[in-house]
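Undergrad: Chains as they are written, first to last, in this note's numbering: chain U, 1 to 113; chain S, 1 to 113.
Simulated from the structure, these hints should not be mistaken for laboratory data. Warning: the hint list may mix true and false statements.
PhoX-like cross-link-like pairs, simulated, lysine-lysine; straight-line CA separation at most 20 Å [said to hold, decoys possible]:
(1) 52(S) with 69(S)
(2) 57(U) with 100(S)
(3) 100(S) with 97(U)
Okay, the calculated bits of chain S under chain U, using three or more residues with CB under 8 Å as the criterion [as the list claims (entries may be wrong)]:
(4) 37-45
(5) 88-94
The beta-carbon is built from N, C-alpha and C at its ideal position, and this holds for glycine as well.
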Amino acid sequence: KAGVTQTPRYLIKTRGQQVTLSCSPISGHRSVSWYQQTPGQGLQFLFEYFSETQRNKGNFPGRFSGRQFSNSRSEMNVSTLELGDSALYLCASSLDKFGNTIYFGEGSWLTVV
Amino acid sequence: DAKTTQPTSMDCAEGRAANLPCNHSTISGNEYVYWYRQIHSQGPQYIIHGLKNNETNEMASLIITEDRKSSTLILPHATLRDTAVYYCIVRRSGETSYDKVIFGPGTSLSVIP
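Looking at chain S on its own, in the form it has when it is part of the complex (with noise of 0.2 Å):
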């Protein structure tokens, strides 16, 4: 599966829309971009994915570029409830096996209030 690079820490003020960017260069045709986020002492959350469309649910947005080289996840209006460490991943379709499933360092993002 591609490798991502996010940054390591991001601040947001409250209200406002956080953006985390994600690089996946490497990534292929049969592989999803799928975004998690972890707070403290709690386990992964599921936000989104998508394979080349832009998608939106109740959490987040999700912007993917032409190319599919990158990504960025967007929440409209941050709350201090959305400071978490946030995740992105690629993983393919099809059948496969999840010890793929790799979380890098991911995104530290901050919602100051």
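Next up, chain U with everything else stripped away, as it sits in the complex (with noise of 0.2 Å):
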């Protein structure tokens, strides 16, 4: 069966742009969730969604912001793009909220110019 799909898998925006982007959990599982990864930070945890509804959320700024549709598929959209949101966006998904083993996406490779 299908994996964790994401896209686009790169993209080059400019500061103060917007972006968004986009996951398709495998199907069947309810649970997503969303990292930032880069090399400083390593893997820091964005949010979490489970049937449309955002159960958590880290340590980000108001400028990150994700939903989740009723088909389980997400969305993150990051506004006024700083040079710092350059990294690794990693979407995964579980089947749900009950700790179960999550499956991470290949990734979107953003970077800020």
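Hints are included, so try docking the two chains, each in its own frame, into the full complex.
TA: In structure tokens form, the structure reads like this:
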């Protein structure tokens, strides 16, 4: 069965622009979580969704937002991009909210120039 | 969730078994040991997980000590494509949030031809 799919895979944006990243979880998975990964900070939790509801949010500014649709697909948006937002953005899905195995997508590489 | 410690790097000859250790001395009874790996520029790939019994799948074997304070991931016949950073994490079962998914520095495994 297909894994977690993230689009786009690579993108370059200019400071001040906004970006939307998309994630399709594994079929049947209802929980989606997002992470930012940078060489200096490692993997940092952004947010988590289950049944279209945000369950938890990491320590990121309000410029970072997300949502989940009724088909469990999820999007995250970053507005007013800054150079420091350059990172690998990872989406992960899990069957439910009960600590099951999480599976990561390939990620979206965002470069802000 | 319990913290884990792993060696920074390891080498393994191609075709030989790679044994990657992980220490999780503060693990609690309802916490699972998970292993992921990340090849450069890709998302983390789930390998295997276990609670207290040894586990094996098509990718690897997981050996957990009787006191559960440490574990070893075994790649039985390492290939060049197994060169990656390997992460050992512990996560509790039951309703939980994915904000506790913390990847430490991991072990950088280099498979040598």
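Undergrad: Hints first: check each against the structure and report whether it holds.
TA: Taking the hints in turn, this is what the structure says about them:
1. 52(S) with 69(S): holds, 10 Å
2. 57(U) with 100(S): With a Cα-Cα distance of about 11 Å, the restraint between residue 57(U) and residue 100(S) holds, given a limit of 20 Å.
3. 100(S) with 97(U): holds, 13 Å
4. 37-45: Answer holds; 5 residues pass the 8 Å Cβ test.
5. 88-94: Three-residue rule met by the segment 88-94 of chain S, so holds; n is 4.
Hint compliance for this structure: no hint is broken.
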